[in-house]
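The residues making up each chain are set out below.
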Amino acid sequence: MEARYRMASAVLAALALVGAAGCTGTSPSETREAAVYEELVRWAVGADPTAGAAGDGPSVFIDSLHEDGIPLEVQVDTIDRLGDELDVRFIDDQAEALSDDEELSVRDNGVLIGLGAVPASSPVVVRVEVYRSLVDNSAFLVALVGGGDSWRLDGEPEPLPVAELVEDE
Amino acid sequence: MRFRAPSLPFEVSLRDQLGRLSLVHALHSGAETMFAISLAGSLFFSVSLDAARPRILLYLALTLAPFAILAPLIGPVIDRIGGGYRIVLFITLLGRAALAGLLAGRELSLWLYPLAFGVLVLGKTYSIARNSLVPSIASGPHELVRANSQLAVIGTVGGALAAVAGAVLLETAGSTVVLWVAMAPYAAAAFAVLAITKVPAPATAPVAPAAEMEAIEEYIELASPAIRSAGIAMSALRAAVGFVTFHLGFALKSSGEPLWVFGLVLVANGLGGILGTLASPALRKRISEYRMLTIALTIPAVVAFIAALRFHPVSVVLVTLGLGSAVAIGRRAFDNVVQERAPHGARGAAYAGLETRLELGWVTGALAAVLARAPGWLGLLALAAALTAMALSRLSRTRWQTKVTSLIGRSPLSRRLLVTAERLESAGETRQAVIVAAAAMEAALEEDAPGGVSAGNVDETLQFVATMRERAVAGEVVDFAEVRAVVEGVLGSGHSAPGDP
Numbered sequence: 001m002e003a004r005y006r007m008a009s010a011v012l013a014a015l016a017l018v019g020a021a022g023c024t025g026t027s028p029s030e031t032r033e034a035a036v037y038e039e040l041v042r043w044a045v046g047a048d049p050t051a052g053a054a055g056d057g058p059s060v061f062i063d064s065l066h067e068d069g070i071p072l073e074v075q076v077d078t079i080d081r082l083g084d085e086l087d088v089r090f091i092d093d094q095a096e097a098l099s100d101d102e103e104l105s106v107r108d109n110g111v112l113i114g115l116g117a118v119p120a121s122s123p124v125v126v127r128v129e130v131y132r133s134l135v136d137n138s139a140f141l142v143a144l145v146g147g148g149d150s151w152r153l154d155g156e157p158e159p160l161p162v163a164e165l166v167e168d169e
Numbered sequence: 001m002r003f004r005a006p007s008l009p010f011e012v013s014l015r016d017q018l019g020r021l022s023l024v025h026a027l028h029s030g031a032e033t034m035f036a037i038s039l040a041g042s043l044f045f046s047v048s049l050d051a052a053r054p055r056i057l058l059y060l061a062l063t064l065a066p067f068a069i070l071a072p073l074i075g076p077v078i079d080r081i082g083g084g085y086r087i088v089l090f091i092t093l094l095g096r097a098a099l100a101g102l103l104a105g106r107e108l109s110l111w112l113y114p115l116a117f118g119v120l121v122l123g124k125t126y127s128i129a130r131n132s133l134v135p136s137i138a139s140g141p142h143e144l145v146r147a148n149s150q151l152a153v154i155g156t157v158g159g160a161l162a163a164v165a166g167a168v169l170l171e172t173a174g175s176t177v178v179l180w181v182a183m184a185p186y187a188a189a190a191f192a193v194l195a196i197t198k199v200p201a202p203a204t205a206p207v208a209p210a211a212e213m214e215a216i217e218e219y220i221e222l223a224s225p226a227i228r229s230a231g232i233a234m235s236a237l238r239a240a241v242g243f244v245t246f247h248l249g250f251a252l253k254s255s256g257e258p259l260w261v262f263g264l265v266l267v268a269n270g271l272g273g274i275l276g277t278l279a280s281p282a283l284r285k286r287i288s289e290y291r292m293l294t295i296a297l298t299i300p301a302v303v304a305f306i307a308a309l310r311f312h313p314v315s316v317v318l319v320t321l322g323l324g325s326a327v328a329i330g331r332r333a334f335d336n337v338v339q340e341r342a343p344h345g346a347r348g349a350a351y352a353g354l355e356t357r358l359e360l361g362w363v364t365g366a367l368a369a370v371l372a373r374a375p376g377w378l379g380l381l382a383l384a385a386a387l388t389a390m391a392l393s394r395l396s397r398t399r400w401q402t403k404v405t406s407l408i409g410r411s412p413l414s415r416r417l418l419v420t421a422e423r424l425e426s427a428g429e430t431r432q433a434v435i436v437a438a439a440a441m442e443a444a445l446e447e448d449a450p451g452g453v454s455a456g457n458v459d460e461t462l463q464f465v466a467t468m469r470e471r472a473v474a475g476e477v478v479d480f481a482e483v484r485a486v487v488e489g490v491l492g493s494g495h496s497a498p499g500d501p
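First to last, the sequence lines map onto chains A and B. The first sequence maps to residues 1 to 169 in the working numbering. The second sequence maps to residues 1 to 501 in the working numbering.
It should be emphasised that the hints constitute simulated quantities derived from the structure, not laboratory data. You may find that some hints are simply not true.
[To be verified] Here are the in silico distance ranges between beta carbons for each label pair:
#: 1; chain 1: A; residue 1: S133; chain 2: B; residue 2: S393; range: 31 to 41 Å
#: 2; chain 1: A; residue 1: D101; chain 2: B; residue 2: R310; range: 19 to 29 Å
#: 3; chain 1: A; residue 1: S150; chain 2: B; residue 2: A389; range: 52 to 62 Å
#: 4; chain 1: A; residue 1: L141; chain 2: B; residue 2: L371; range: 34 to 44 Å
[Unchecked claim] Part of the chain B face toward chain A, derived, beta carbon under 8 Å:
#: 5; residue: V47
#: 6; residue: S48
#: 7; residue: L49
#: 8; residue: A51
#: 9; residue: L110
#: 10; residue: S255
#: 11; residue: G256
#: 12; residue: W260
#: 13; residue: E488
Glycine included, each C-beta is placed from N, C-alpha and C at the ideal position.
One chain only, chain A, in its complex shape (with noise of 0.2 Å):
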């Protein structure tokens, strides 16, 4: 009886397992928000085209600026959308993007970008910090047109006063 439940129990086990593994796919909103993000990031590089060494795409890392972070599955659309082009990492500490030089320069000559929340409705407007120094960093406000999964910047970014993506400590 204690066997039957056992085998009943590691089936039910697999199951879940197999149900899991189902869940690898995207919704609509997280198809939204990498779209943005992409847009953002695209423009974020192709503000610096120093940025990265030459031939290579450079090294992108980025950070949410918000609490509640960047979900999973917006992670891993938006380095499916740019991953041919850039190298780019999601990180929950700055220490991964920077190196230990007295600037604190960016990893790899790469660019650190702070991603704001994307909101749920129009006007999408969202703050991006962008970073490759302590001497070289700034901030936006970009508003972007368009809907599901396609975006582009609407007009010119504002510039804001940059926030403490990493502070000199």
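Keeping the supplied structure of chain A fixed, place chain B upon it in accordance with the hints.
Structure of chain B alone, referenced to chain A:
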């Protein structure tokens, strides 16, 4: 074909079973290493760990669940199938070849998690089946230890060769190609399993009385304090490996260490394994297995403590080197204990159950690391504290055991039998306890126990205890406390009849 490795205490021949299993294991280790290397180009290094943590926890829990639920069933089920262990090896190897192929090209998708954890589950099942197969194909005294040493060294060599090839492929062709290539040694290992001839199962169903007795003997031997103590120590070491794998993986990623540091950590672990395997025979000549296991717990405790003081890639490499050697030393000691103390239990279903519990230790340690997500230094400090506590508890138990053994050794047989009966009772074996207590009383009378024993009392007491023993043998419920009180009376302040105040 016959190879003899210089300065190694074994030679490998593909004509014998162990040689064929060694080939399987070398190919398997190579494939595993390549699979691990391919993860360098995967989502693991591209997404934030905080976002990935719930998914890693989910899959680790799902990895744990089948082993936790099926631990007592895996061995008997495998035993029932003719050549069960070979079939399991074949399926797990071929399954991983398929999963590696499925993952190729999907390393940067969410498919990474189910596929990688599928590989992990099959890997754990492979380890259980392989370790359970070894005792059946290794015969003669100390063969289990020698065979496992041989497999450990050959596995490390296979892994090292694959590491070089994998690293070159990753750099030149990318992780997808590494996964495609990893399929080859997995599949080759699966087909190499077929060369291992069928090993007769020791306790097959339907169970004949003799086989049933043998199966019971296995379980009794493997439940002995020596094996249990060795099993707990070995589980702790396996848990430490699971913990370190995830804790250091997370910590190194968070501190932005380059990929070559991860590679160095893998190499250090393999090197530690070889050093531990080579050092074990010399250690065994000087100290007992019990002390070897205590030392095996102490080495990573000390190294982890030192590394916690200054968390740095070099200290991380030292931790994995120390842990690798400790696990190898622990494994040799564990094999020795099983070989010497449980000659019947060292094979078959019961042994598979033991191995399953060791793998459960690994998954539990990994879960703890992901749940805690502690800073690098703090996790190592916690690991050092846990292993130190275990080592100290073993040391204090050694002293206590020495004292008790000396006291018991000086006490009469009747008293020792009564102590054994009390232990059986506390283990829930009341019927056995009553039978042993009855034997204690007979021994006491032979020893001319103290106290004014009158002939009438002796007859009455003997009859009472004999009745209780018969009832216990017949499977009836018997009150051990009552029997003990009577026997105590004979052994202690004088002989008391049942019902006496």
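Ascending list of hint numbers which this structure does not respect: Result: hints 1, 12, 13 break, sorted rising.
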